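Visitor: Please construct the entire structure, taking both the sequences and the accompanying hints into account.
2 protein chains.
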Amino acid sequence: MKPIHVGLLGIGTVGGGTFTVLERNADEIARRAGRPIRIDVVADTNLELARKVTGGRGRFGGHCRLTDDAFSVVGDPGVDIVVELIGGCGIARDLVLEAIAKGKHVVTANKALLARHGNEIFGAAQRRGVAVGFEAAVAGGIPIIKALREGLTANRIEWIAGIINGTTNFILSEMRGKGWSFADALAEAQRQGYAEADPTFDVEGIDAAHKVTIMSAIAFGHAMRFDDAYIEGINRLESIDIKYAEQLGYRIKLLGITRRTREGIELRVHPTLIPAKRLIANVEGAMNAVLVKGDAVGATLYYGKGAGAEPTASAVIADLVDVARMLTADPEHRVPYLAFQPEALVELPILPIAEVVTSYYLRMRVDDRPGVLADITRILADHQISIDAMIQREPDENEERTDIIMLTHETREKNVDGAIARIEQLPVLTGGITRLRMEGLL
Amino acid sequence: MKPIHVGLLGIGTVGGGTFTVLERNADEIARRAGRPIRIDVVADTNLELARKVTGGRGRFGGHCRLTDDAFSVVGDPGVDIVVELIGGCGIARDLVLEAIAKGKHVVTANKALLARHGNEIFGAAQRRGVAVGFEAAVAGGIPIIKALREGLTANRIEWIAGIINGTTNFILSEMRGKGWSFADALAEAQRQGYAEADPTFDVEGIDAAHKVTIMSAIAFGHAMRFDDAYIEGINRLESIDIKYAEQLGYRIKLLGITRRTREGIELRVHPTLIPAKRLIANVEGAMNAVLVKGDAVGATLYYGKGAGAEPTASAVIADLVDVARMLTADPEHRVPYLAFQPEALVELPILPIAEVVTSYYLRMRVDDRPGVLADITRILADHQISIDAMIQREPDENEERTDIIMLTHETREKNVDGAIARIEQLPVLTGGITRLRMEGLL
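Here the protein sequences come in this chain order: A and B.
Just so it is clear: in the first sequence, position 180 is 169 by my numbering, and no numbers are missing.
Just so it is clear: in the second sequence, position 310 is 299 by my numbering, and no numbers are missing.
By construction, these hints were calculated from the structure, which means they are not laboratory data.
Some hints could be false.
Unchecked claim - Cross-link-like lysine-lysine pairs, in silico, BS3-like; alpha carbons within 30 Å at most:
| no. | chain 1 | residue 1 | chain 2 | residue 2 |
| --- | --- | --- | --- | --- |
| 1 | B | K(-9) | A | K266 |
| 2 | A | K232 | B | K266 |
| 3 | B | K91 | B | K(-9) |
| 4 | A | K403 | B | K232 |
| 5 | A | K232 | A | K266 |
| 6 | A | K266 | B | K167 |
| 7 | A | K167 | B | K266 |
| 8 | A | K232 | B | K91 |
| 9 | B | K266 | B | K167 |
| 10 | B | K232 | A | K266 |
Unchecked claim - Residues on chain B that point at chain A, a partial pick, calculated with CB under 8 Å:
| no. | residue |
| --- | --- |
| 11 | M(-10) |
| 12 | E12 |
| 13 | N14 |
| 14 | R21 |
| 15 | F60 |
| 16 | A136 |
| 17 | L141 |
| 18 | E147 |
| 19 | S228 |
| 20 | L256 |
| 21 | S303 |
| 22 | R352 |
Bear in mind that the values here come from a model prediction, so they are computed numbers and not experimental data.
No residue lacks a Cβ here, since even glycine has one placed at the ideal position from N, Cα and C.
Guide: Structure below.
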């Protein structure tokens, strides 16, 4: 099948991630999209960087051209989709509008551009009949735009509240965890690469306001209204208030909130106390999470990495696959039933449970006397099972037996079963061994 | 615009919810879908119930016909989409295959049917060129199928782990929270309507296995392999193990897990220890959550209600909107940029922050002497602000001032601003008042 031709504008962090993931997962992506998706041309003012990231002629079958003239990409008749990853509202706006005018589909991660000029851009795209994908503009790799535009369409959305700026969430986590001042936590965030040298857009809430402006429009069906958003950042937040909030059972998060009320739409960004027991209150570090309340579905939460090269690339490429599927299949077959094209389904062996490798919890009741533990651990060692943690309960008074609980490192299930069968033959054991599986989920 | 005509098979819990939500949100849904979606005919063996739920001729403009012959719905030339909410693998399978044969698009919540007969059903649908929507089959209202099929297409999925059965999660929450046995917690779940009279499918893990079978196929691109899934329920779980796990820093959840390994695919359902600090470990009661690990995006989590009339209806209707959009618009305009059709966008006032109603956290430093609190609370009362909680710190030795922290009930922001301005004039106050907003997020 003929590849989809992509022109990439900007090869910084997200552009580089997009290039890398699109190449690394080319096969998997083509099996889903129905045809290959190929970056044919990359535009960046820094050609040196572009050369370094794209690795020169060897990548994408030697087809990837580099240029410092982004307008030449937008005007290239061979390009099907323009991916704008330059950012800001200057040249990015001109390029996106020009791409639309030339009939190109556009994918962008540019929240500032959409929050401020989305009405103009979508109007132009509607007239020209091109798609504009912007999953990457809000909450990085979390498919929240798709959830709002397609997944929750049954609902009258009541409100959205999101941790949609990783920099500020990292700073707030540090302030709470270490009792630091805002200034110290900001410095740490800068040291670790979570905050930029000029952190204004993040810490003053402007970035979050761009994102909640976009979510408000698609939740309630109104135009972008960034200029009417209320914006308050975390830069004047004192750690004493984080401490008092904690004593009262609350955490402070920078939330982007939009809510439908009888009198109008609330659209606001500010530090917010939320009950500590809420799942979203426990979103720490640079992670993002968006809570959406619909009248039918109730509250749903979407959580993941909101920034970074590959998480954001994940969203950019999802938009590319959407466009590729649209350009490839009949509408009825746009999304394959099983996500992959029928002819791209593969036979994969399903592992018998005995072959699964995971960790285990083992509980056994044994006589409380010397040598018991030595016998048990010897059998485990014989089966290549190593122990990660153990509790041996002190026996109650007048009791001669005790519970031993062990957590193992990863091992193959049949090893554990073999060890259990042998341990259960020891005369010191009362009853069988309870075995449960464990997962670290990392 | 001509309505989309839907034939609904089965008017039980989810069918009733679908009917109710589709009617209640008819306007909102049509603004998103591009045309009205109307249930024209409902089939159920219990006509009495169907009459009660649909409210007779008055609903959907008096157009809704009732019948006890589901095959007549499938064969009705006026029906565009058949919604199958009967469940099971008997007549439901015949009806779905017959609907496909007649060229109808199908939406179903039937996980058992898809896990066991999905390969046959999708094959038939592919040949006939019809869509089969099944968002409601996994995790109720959470749009996890859309996330996997469309939102995460850039990724090589590494694994999925989900709490995808609300009944068992409710039982496990009760066992942990109250120290109850499985039997007692099950009885409570039955009393509260979270477990059925015959809870076998839920507590033995079969329902979860159906769902993880479906997720595995769409994550890794293989056929449905329900018969190869390893299934272990919670029915033999002892509360002592929940207690020991807790002491070791773990929670026990019934997880559906599928993982890609070098040797093959793991596909398994069993009680699992997971670190208590993981977000998913804190999913309590009948809620569902699915954790997906992709190579680019990292871990993303999707959380919400996994069952119930309206949450499941939310997913059914999202599928209906997907089909309606496909039947209505050019591919480029299938999903409107702002989720609602351009001509359906409305002007909504954005509330000035002074008009927002929320709760507040107030911190002030005051002289530690009689009457201060009376003065402050009098001013708050004058502004119709009532206090929800308060801390007055005991002053340190040799200190004459103390911090007062108050949490207010909901009130309009301008009232709070007015009260603050007056309190700040009190001579007992040192410095200004720190004011933060609070949200309960319920």
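Visitor: None of the hints should be skipped; say for each whether it holds.
Guide: Structure-based check of all given hints:
Of the pairs offered as hints, the one joining K(-9) of chain B and K266 of chain A is violated, with about 47 Å between alpha carbons and a cut-off of 30 Å exceeded. For the proposed pair K232 of chain A and K266 of chain B, the alpha carbon gap of about 21 Å is at most 30 Å, so the pair holds. About 21 Å separates the Cα atoms of K91 of chain B and K(-9) of chain B, which keeps this hinted pair within 30 Å; it holds. For the hint pairing K403 of chain A with K232 of chain B, the CA-to-CA distance comes to about 26 Å; that is within 30 Å, so the pair holds.
Of the supplied pair hints, the one linking K232 of chain A and K266 of chain A holds, its CA atoms being roughly 16 Å apart against a limit of 30 Å. Note on K266 of chain A and K167 of chain B: the hinted pairing holds, with a Cα-Cα distance of about 18 Å set against a maximum of 30 Å. Between K167 of chain A and K266 of chain B the CA atoms are separated by roughly 18 Å; this keeps the pair inside 30 Å, and the hint holds. Pair hint K232 of chain A plus K91 of chain B does not hold up; C-alpha atoms about 64 Å apart against a cutoff of 30 Å.
For the suggested pair K266 of chain B and K167 of chain B, the alpha carbons sit about 20 Å apart, so the restraint of at most 30 Å is met. Between the alpha carbons of K232 of chain B and K266 of chain A the distance comes to roughly 21 Å, so the proposed pair stays at or under 30 Å and holds. At its closest, the beta carbon of M(-10) of chain B sits 16 Å from a beta carbon of chain A; the interface hint therefore is violated under the 8 Å criterion. Checking E12 of chain B against chain A by beta carbon gives a least distance of about 11 Å; that is not within 8 Å, so the hint is violated.
Against a cut-off of 8 Å between C-beta atoms, the interface hint on N14 of chain B holds, since the closest Cβ of chain A lies about 5 Å away. For R21 of chain B, the shortest C-beta to C-beta distance to chain A is roughly 5 Å, which falls under 8 Å, so the interface hint holds. This hint is violated: F60 of chain B has a C-beta 23 Å from the nearest C-beta of chain A, more than the 8 Å allowed. With its C-beta approaching chain A no nearer than about 5 Å, A136 of chain B sits inside the 8 Å limit, and its interface hint holds.
Proximity of L141 of chain B to chain A holds as hinted, the smallest CB-CB distance being about 7 Å (cut-off 8 Å). Interface restraint check for E147 of chain B: the shortest CB-CB distance to chain A comes to about 11 Å, outside 8 Å, so the restraint is violated. Hint status for S228 of chain B: violated, given a least beta-carbon distance of 12 Å to chain A, over 8 Å. Checking L256 of chain B against chain A: minimum C-beta separation of about 5 Å stays under 8 Å; hint holds.
A least Cβ separation of about 4 Å between S303 of chain B and chain A falls short of the 8 Å threshold, and the interface hint therefore holds. At its closest, the beta carbon of R352 of chain B sits 6 Å from a beta carbon of chain A; the interface hint therefore holds under the 8 Å criterion.
Comparing the model with each numbered hint stated earlier shows that hints 1, 8, 11, 12, 15, 18, 19 do not hold.
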